[in-house]
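Listed below are the residues making up each chain.
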Amino acid sequence: MRNAFADEVTEQGKRDPSIVLLAGDIGNRLFDEFKLAAPDRFYNCGVAEANMVGMAAGMAMCGLRPVVYTITPFITYRVIEQIRDDLCYHHVPVILVGTGSGLRYASLGATHHSLEEMAMLRTLPGMTVLAPADSAELRACLRDALRLDGPVYMRIGKKGEPALHAEPVEHAIGRHFILRNGGDVCLLATGVAAANALEAAKLLENAGIAARVVSVPTVKPLGTDLLEEAFSTFPLVVSIEEHGLIGGFGAAIAEWYADRETPAAGRLLRIGTADAFMHEAGETEYAQEHYGISAEAIARRIERRLLARPAHVRLA
Amino acid sequence: MAKDTIVNSIASLRNSHDLRRIAARLRAEVVAMSHRAGTPHLASALSCIDILTAAYWHVLRLDPAQPDAPNRDRFILSKGHAATALYATLAARGFFPQSTLDSYHTDGGALAEHPGPRCAPGIEAATGSLGHGLSIGVGEALAGRIGGYDYRVYALLSDGECNEGAVWEAALFAAAQHLDRLCIVVDYNKWQATARSNETMSLEPLGEKWAAFGWDAHEIDGHDLEALCEHMDRVPSASGKPTAIIAHTIKGRGISFMQDDNNWHYRIPNAEELALAKAELDMP
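Those protein sequences? They're chains A and G, same order as listed. Take the first sequence: its letter number 72 is residue 71 in numbering that gives the first Met the number 0, and every next letter is one higher. Take the second sequence: its letter number 105 is residue 104 in numbering that gives the first Met the number 0, and every next letter is one higher.
In isolation and in its complexed conformation, chain G is listed as follows:
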């Protein structure tokens, strides 16, 4: 039962051409933010742009005018180092003005390199240390059940984040509780900060691991907007299980000279690189 009347004003875009244009705009924004502020983690932000686009322009039942509505869907950026992607998304979606976004990483500004607690409308949780967001999401999903709400909770994890033991604690508990309104998306870009993910920790077979932990697991192309929409839309899962979407992505996706080059975990684009990136994205 819905407890309030939220969210008739969802964006609900399905047209993948429109979604692709939004994603390109967000990519240009995060490259510009990284350049302007001199902040790293750009490639990590680029790899999850399509996931955020599908979530915020199609899947999530949200109203930017009521960011605290009790029955809103929750989206937790558990991989907090992709903060620029979330900030750009929320600004573009109307949760806060462009001027707030422009103050990213300035002294005294609201938006730091990792999101702080309720630092701006639409930010559901403070993250930055990996392995926290899913447990928070489990608590929110359970609270929804206890309170009789029908909201859904989505958490975006990185593949490196799946090194953290707490992720698997949360996975086991969510499955035991049949939290079918909980969904994770793993931004599986195959890199962590300093090495290939699977050379660091044996994540593979990642989809099967989540399935073995009791989740309804699906592996998809994490840059296929239609597939992202379709799979995130399936929450709550008919299986009665929580949903795990293993989104195969490319780190630095969308900018040819950044794609799958892990130097861009920390590198910061100069003016020339920014211009090249914008040209590739066909953005002014």
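Looking at chain A on its own, in the form it has when it is part of the complex:
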């Protein structure tokens, strides 16, 4: 996904002279093409993220459109006050891009995991929170974000994420994408977790359960039309994310769910990571197993939930 990001931001940077790319001493060679196209609009800001985000605010106040890129924890946790005061309070069009989000950097240890940052950024007034599922959604998210007048946070994967869209996606913010259809259960996945959701749907099919899988790249503002439809159509709606259960995508749906005037017909099951750091070593797949968000774990949870409520299962 990071290559797609580099390619798309370069493409857009060639067209729009107001786009500046700030990187936190990361992406060795990744942005060579951008630097070549716009040498005065790329800045390696060093290992100094607080300054980088504050600077981006100042640039945006002067009419530029900064896109700020580094590893997710360093562009979120470390600089939460700069994001709040400099970007959100001023409501300036700065796009923060966190790379290697969720458990993509599992093997680097918990300092490089990001399982809480959507929760933090989602609380900030005026902030748009995006989690594209693959490179096609990422490109569309970035293009859409460049048209907004306020701050945007986009969490992306690393490299090697599977393509979930056969065709390019034109727009992504505020949209959702049905990746697979089925009538028994609806899986709403955000970000790179959509790939596991799709795999889980295949496993469920073997168990005789037909799952719809929807990719939802916009975590904030939440698309409530999609939710209305899902909860009125399906007995069970499952949120899936490579992020903690506190404050993330599933939590956002639960907030919407709790505030409804009339109870929703469908039930909600949230799948995400537990409220705990991972202390052992392990690659992404291991970490997903550890946290119970692998395709197998997702399928097991859903199957158990549906079996526990047999009346809710609509057999095909």
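Quick caveat, the hints were computed from the structure, so don't treat them as lab data. Bear in mind the structure is a predicted one, so any value in this text is a computation, not a measurement. Just so it is clear, CB atoms sit at the ideal spot from N, CA and C, and this is done for glycine as well. You may find that some hints are simply not true.
[Unchecked claim] Derived DEER-like restraints, expressed as beta-carbon distance ranges:
{"no.": "1", "chain 1": "G", "residue 1": "67", "chain 2": "A", "residue 2": "281", "range": "50 to 56 Å"}
{"no.": "2", "chain 1": "A", "residue 1": "10", "chain 2": "G", "residue 2": "239", "range": "33 to 39 Å"}
{"no.": "3", "chain 1": "A", "residue 1": "27", "chain 2": "G", "residue 2": "197", "range": "38 to 44 Å"}
[Stated by the list, open to error] Here are the computed lysine to any residue pairs in the SDA-like style, where the Cα-Cα straight-line distance is at most 20 Å:
{"no.": "4", "chain 1": "A", "residue 1": "201", "chain 2": "A", "residue 2": "180"}
{"no.": "5", "chain 1": "A", "residue 1": "13", "chain 2": "G", "residue 2": "146"}
{"no.": "6", "chain 1": "A", "residue 1": "13", "chain 2": "A", "residue 2": "145"}
{"no.": "7", "chain 1": "A", "residue 1": "157", "chain 2": "A", "residue 2": "108"}
{"no.": "8", "chain 1": "A", "residue 1": "157", "chain 2": "A", "residue 2": "2"}
{"no.": "9", "chain 1": "A", "residue 1": "34", "chain 2": "G", "residue 2": "175"}
{"no.": "10", "chain 1": "A", "residue 1": "34", "chain 2": "G", "residue 2": "145"}
{"no.": "11", "chain 1": "A", "residue 1": "13", "chain 2": "G", "residue 2": "144"}
{"no.": "12", "chain 1": "A", "residue 1": "157", "chain 2": "A", "residue 2": "13"}
{"no.": "13", "chain 1": "G", "residue 1": "208", "chain 2": "G", "residue 2": "163"}
{"no.": "14", "chain 1": "G", "residue 1": "189", "chain 2": "G", "residue 2": "220"}
{"no.": "15", "chain 1": "A", "residue 1": "201", "chain 2": "A", "residue 2": "161"}
{"no.": "16", "chain 1": "A", "residue 1": "219", "chain 2": "A", "residue 2": "253"}
{"no.": "17", "chain 1": "A", "residue 1": "34", "chain 2": "G", "residue 2": "189"}
{"no.": "18", "chain 1": "A", "residue 1": "34", "chain 2": "G", "residue 2": "277"}
{"no.": "19", "chain 1": "A", "residue 1": "158", "chain 2": "A", "residue 2": "253"}
{"no.": "20", "chain 1": "A", "residue 1": "157", "chain 2": "A", "residue 2": "25"}
{"no.": "21", "chain 1": "G", "residue 1": "189", "chain 2": "G", "residue 2": "200"}
{"no.": "22", "chain 1": "A", "residue 1": "219", "chain 2": "A", "residue 2": "180"}
{"no.": "23", "chain 1": "G", "residue 1": "277", "chain 2": "G", "residue 2": "264"}
{"no.": "24", "chain 1": "A", "residue 1": "219", "chain 2": "A", "residue 2": "149"}
{"no.": "25", "chain 1": "A", "residue 1": "219", "chain 2": "A", "residue 2": "177"}
{"no.": "26", "chain 1": "A", "residue 1": "13", "chain 2": "G", "residue 2": "145"}
{"no.": "27", "chain 1": "A", "residue 1": "157", "chain 2": "A", "residue 2": "280"}
{"no.": "28", "chain 1": "A", "residue 1": "13", "chain 2": "G", "residue 2": "147"}
{"no.": "29", "chain 1": "G", "residue 1": "208", "chain 2": "G", "residue 2": "171"}
{"no.": "30", "chain 1": "G", "residue 1": "189", "chain 2": "G", "residue 2": "204"}
{"no.": "31", "chain 1": "A", "residue 1": "34", "chain 2": "G", "residue 2": "208"}
{"no.": "32", "chain 1": "A", "residue 1": "219", "chain 2": "A", "residue 2": "115"}
{"no.": "33", "chain 1": "A", "residue 1": "34", "chain 2": "G", "residue 2": "147"}
Use these hints to put chain G onto chain A, whose structure you have.
Leaving out everything else, chain G in the frame of chain A:
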């Protein structure tokens, strides 16, 4: 190259007698505001009045009628707790009417205890949490270079603010980028909220620190209006570096019973103290 025709209407006062009268008027105003509104940080506002006077009546290329002109000089009050000083300055300089100033710290008013984003014409940035303003200024200076403007960016920092790590991140980056149109003024009044600055964090040697970080650093008397004008005028620096003016000041400057008494970081003057202060300043 200048991209627009701003700023022929700069005040450009040089006469230090006139500047001193303006500073006295601003001091009387901030004491009155603190009294009326019951708000603290008065001594912090008083210590930077001369810096603001030199900036707004002599140095900055600004037109109060065009507060958003793209090529205007920027002045960022990074020490946002001195907001009354900035508000009084902008009102006196004609950016907004006295009635706006009179609504300071009233329910529903535009002017809070720390400046909000574009809360009134002439306010460049929302500040209040320390250590943010310089980075914003770095971004503005860089944007000016990218856009081919010749405006300058000034940020006013407090000495306590130099405790913040982000200040030094910004210092290192600005030097690496040779942002010669960027200037900071440190209001070095030797106090932070609850203690002597240098007993809290080792700021000294502060000028040498900024020089070591790659800035063209100068230490001056921060109440010497001519020196302030002269040094702020030197931006862009011939050295090609960003400029750091370490302005040695006295907290509570101008009011005898407030000077260098850190109780006035939080104390609020009563009616009698207000009258005494005005008398000392020779203001009605």
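Structure-based check of each hint:
Separation of residue 67 of chain G from residue 281 of chain A is about 53 Å and conforms to the stated range, judged on CB atoms against 50 to 56 Å. Between residue 10 of chain A and residue 239 of chain G, the C-beta spacing of about 35 Å keeps the proposed range 33 to 39 Å intact. Distance hint for residue 27 of chain A and residue 197 of chain G: a CB-CB separation of about 41 Å, consistent with the stated range 38 to 44 Å. Between residue 201 of chain A and residue 180 of chain A the alpha-carbon distance is near 11 Å, which keeps this suggested pair within the 20 Å criterion.
Straight-line distance between C-alpha atoms of residue 13 of chain A and residue 146 of chain G comes to about 16 Å, which keeps the hinted pair within the 20 Å bound. Restraint check for residue 13 of chain A and residue 145 of chain A: satisfied, since their Cα atoms lie roughly 13 Å apart, inside the 20 Å limit. Between residue 157 of chain A and residue 108 of chain A the CA atoms are separated by roughly 15 Å; this keeps the pair inside 20 Å, and the hint holds. For the hint pairing residue 157 of chain A with residue 2 of chain A, the CA-to-CA distance comes to about 8 Å; that is within 20 Å, so the pair holds.
About 18 Å separates the Cα atoms of residue 34 of chain A and residue 175 of chain G, which keeps this hinted pair within 20 Å; it holds. Taking the CA atoms of residue 34 of chain A and residue 145 of chain G, the gap is near 14 Å; set against the 20 Å cutoff, the hint holds. For the hint linking residue 13 of chain A to residue 144 of chain G, the alpha-carbon distance of about 19 Å falls within 20 Å, and the restraint holds. Our distance criterion of 20 Å between C-alpha atoms is broken by residue 157 of chain A and residue 13 of chain A, whose separation comes to about 24 Å.
Distance restraint check for residue 208 of chain G and residue 163 of chain G: the Cα-Cα separation of roughly 14 Å lies within the 20 Å cut-off, and the hinted pair is therefore satisfied. For the proposed pair residue 189 of chain G and residue 220 of chain G, the alpha carbon gap of about 13 Å is at most 20 Å, so the pair holds. At most 20 Å may separate the alpha-carbon atoms for a hinted pair to count; residue 201 of chain A and residue 161 of chain A meet this at roughly 15 Å. Of the pairs offered as hints, the one joining residue 219 of chain A and residue 253 of chain A holds, with about 13 Å between alpha carbons and a cut-off of 20 Å not exceeded.
Straight-line distance between C-alpha atoms of residue 34 of chain A and residue 189 of chain G comes to about 44 Å, which puts the hinted pair past the 20 Å bound. Of the supplied pair hints, the one linking residue 34 of chain A and residue 277 of chain G is violated, its CA atoms being roughly 58 Å apart against a limit of 20 Å. Of the supplied pair hints, the one linking residue 158 of chain A and residue 253 of chain A is violated, its CA atoms being roughly 31 Å apart against a limit of 20 Å. Distance restraint check for residue 157 of chain A and residue 25 of chain A: the Cα-Cα separation of roughly 12 Å lies within the 20 Å cut-off, and the hinted pair is therefore satisfied.
A hinted pair counts as satisfied when its Cα atoms are at most 20 Å apart, and residue 189 of chain G with residue 200 of chain G qualifies at roughly 11 Å. About 24 Å separates the Cα atoms of residue 219 of chain A and residue 180 of chain A, which puts this hinted pair outside 20 Å; it is violated. Restraint check: the Cα-Cα separation between residue 277 of chain G and residue 264 of chain G comes to about 19 Å, which is no more than 20 Å; the hinted pair holds. Taking the CA atoms of residue 219 of chain A and residue 149 of chain A, the gap is near 13 Å; set against the 20 Å cutoff, the hint holds.
A C-alpha spacing of about 19 Å is found between residue 219 of chain A and residue 177 of chain A, which places the hinted pair at or below 20 Å, so the restraint holds. Between residue 13 of chain A and residue 145 of chain G, the direct Cα distance comes to roughly 15 Å. Compliance with the 20 Å bound is thereby established for this hinted pair. Pair hint residue 157 of chain A plus residue 280 of chain A holds up; C-alpha atoms about 19 Å apart against a cutoff of 20 Å. Distance hint between residue 13 of chain A and residue 147 of chain G is fulfilled; the C-alpha atoms sit about 18 Å from each other, no more than 20 Å.
With a C-alpha separation of about 11 Å, the suggested pair residue 208 of chain G and residue 171 of chain G falls inside the 20 Å cut-off, and the hint holds. With a C-alpha separation of about 12 Å, the suggested pair residue 189 of chain G and residue 204 of chain G falls inside the 20 Å cut-off, and the hint holds. Straight-line distance between C-alpha atoms of residue 34 of chain A and residue 208 of chain G comes to about 33 Å, which puts the hinted pair past the 20 Å bound. Restraint check: the Cα-Cα separation between residue 219 of chain A and residue 115 of chain A comes to about 15 Å, which is no more than 20 Å; the hinted pair holds.
For the proposed pair residue 34 of chain A and residue 147 of chain G, the alpha carbon gap of about 19 Å is at most 20 Å, so the pair holds.
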